[in-house]
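Novice: First to last, the protein sequences are chains C and B. With my numbering applied, the first sequence covers 1 to 147. With my numbering applied, the second sequence covers 1 to 457.
Since the hints were derived computationally from the structure, they do not count as laboratory data. Remember, it's a predicted structure, so these values are computed and weren't measured experimentally. The beta carbon of each residue, even a glycine, is placed where N, CA and C say it ideally should be.
Using 30 Å as the maximum straight-line C-alpha spacing, the simulated DSBU-like pairs for lysine-lysine come out as follows:
#	chain 1	residue 1	chain 2	residue 2
1	B	LYS131	C	LYS141
2	B	LYS35	B	LYS22
3	C	LYS70	C	LYS141
4	B	LYS226	B	LYS13
5	C	LYS70	B	LYS22
6	C	LYS70	B	LYS131
7	B	LYS35	B	LYS13
8	B	LYS35	B	LYS15
Some chain C residues close to chain B (C-beta under 7 Å, calculated; not the full set):
#	residue
9	ALA30
10	GLN38
11	TYR54
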Amino acid sequence: MVALKDNTPALELAFPVRARDFLAGGDGAARIRQVLQQVGFQPAIIRRVAIAAYEAEMNIVIHSFGGELKACITPEAITITALDTGPGIPDIDLAMQEGYSTASREIQEMGFGAGMGLPNIRRCADELEITSTMGEGTRVKIVIYNR
Amino acid sequence: MEYFHSVRLDEDKCKGCTNCIKRCPTEAIRVREGKARIIQERCIDCGECIRICPNHAKIAVGDSLETLSLYRYRIALPAPAFVSQFAGQADLERILGSLIALGFDAVFEVALAAEMVARATRRYLDNYHGKRPLISPACPAVVGLIQVRFPSLVEQLLPLATPMDVAARLAREEGAKATGLPREAIGTFFISPCPAKITAARQPPGGLAGPDGVIPLAAIYGDILKCLATAPVYPSRAGAGGYGWGHSGGENASIGGRRLLEVDGIHHVIEVLTRIEAGDFQDIDYIEAQACPAGCVGGALMVRNPYLARLELRQLACGLPAGPRALPDAGDSLVAAPFRPRPVLQLDADLVTALEKMRRLEATQALLPGLDCGSCGSPSCRALAEDIVRGEAQDTDCVFVLRDRVRVLAEEVVELARKLPPSMAQPERRGGNETAGNSGALEFAGPGRREGPGQRS
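Same shape as in the complex, but just chain C (with noise of 0.2 Å):
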């Protein structure tokens, strides 16, 4: 756990994402976007987290078997962890590209899997790690500073 100066544990939020649950997807990102606003973060450093968190937690919806949308927050900064279970990406380089896609047709028709996800995430983010290993699932783990 990460610690602040005073020794104040850091704020940690954990919400389940389910695999093609479109009706709750986003509410994770959501509620994070409230907890950042009665902070009292900056305005342009939650509307940051919000298109990141929101990003994250949809490619577990279209992507993955299922996993957990985390946020770990510090005066310093918030850290968003998006862990999956899924197919993983076997080219992370190329996912990174905008409009590259593996979301299925059916994914499209429904408005999602523009291939923009990543790249948005990228935008986003001060940091920006993805690991990922093929048969076993995706971590997304996304830090915006506060400044």
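With chain C's structure known, arrange chain B on it following the hints.
Specialist: Coordinates of chain B only, in the frame set by chain C:
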């Protein structure tokens, strides 16, 4: 900062039920000591509580017709939706004329100003290359909602004055020119479908002048009905486009020609704004967002059913010229003051303290039942957790926590009741002797019975 609010509580009528607290989009109401209290800083005057209150205890305070006497020349500014309340019963000219019958000297249709705003919006969108979508500032309840709950979207509010303010400014100039009176002698009165407009006129953003007064439609509805048949005829200058602003989709229709999205009903607006903040809807140019169902025709101070009112307004507009006739130049009346966020939901001004409070809030919420019943007077378990952390409530305000405490206490009482001073014999032992005798008798009877059949066999 002190806020003037149009929405108030009629204490005598309030029964302390929890309907309004659960409906409020900014969680601005708490039931305390049996009455619904409005947290002033949070209220956006959307009128949801007025609509939901079964006891009609929520009211909107505006100006009365008596305030007309403060001015020498009085101009009525009927909202585009105003005519929807009487359409079908009289022609547009007579509906406008009824305002003259009520004591006004002139009428300036806000629908006319709406057409100017639509034209200016069209031009603004043509040259806009910033963050999309832009959001209409026409509905003050939506503006308030964004300021309180979606501060990061404040910068996406279209920086143009609302039709109400434009109408007030142009009417004042016209009146001064026509009468030769100083501007202070001219009174402009918006006839409002909702409390949000009353509040907006009282504290115009940035202090830029809007109307001098706002009269709730509901307050003069009966008077107008009465004089409708005998009212003089007053010429209309606005077209169908301007009057369309009175119902949802009308504003977009009058702007025209792009990817324009309309949403009505404040809880639907919240859904759309949440999506925008998450980065969606960037391929939309403009969002017409209205707090009331079906738009202004569904305002909390309107009398007619919103859907019937919309039908009547559409039919009335069919008989009007579509486009703007000779549309006057709006000049600098379109200037709007920038909007600022209202960070009233923040737990603390200091980030570290706020974060600690949020940790306590999350921990407190986990101990609450999650039923969101409202019995504690807060709108949800999370809101109660927030109130506890803010020091404005305690956990035993929750009937379930209280019940659990009572159970623990009761068990302790039972436990304590069993304890005796060492000098006294334990009741179990005393009782044990007695029951030993009884059970002995039973044991005696028991085996006897059991042996009975055996003896028989």
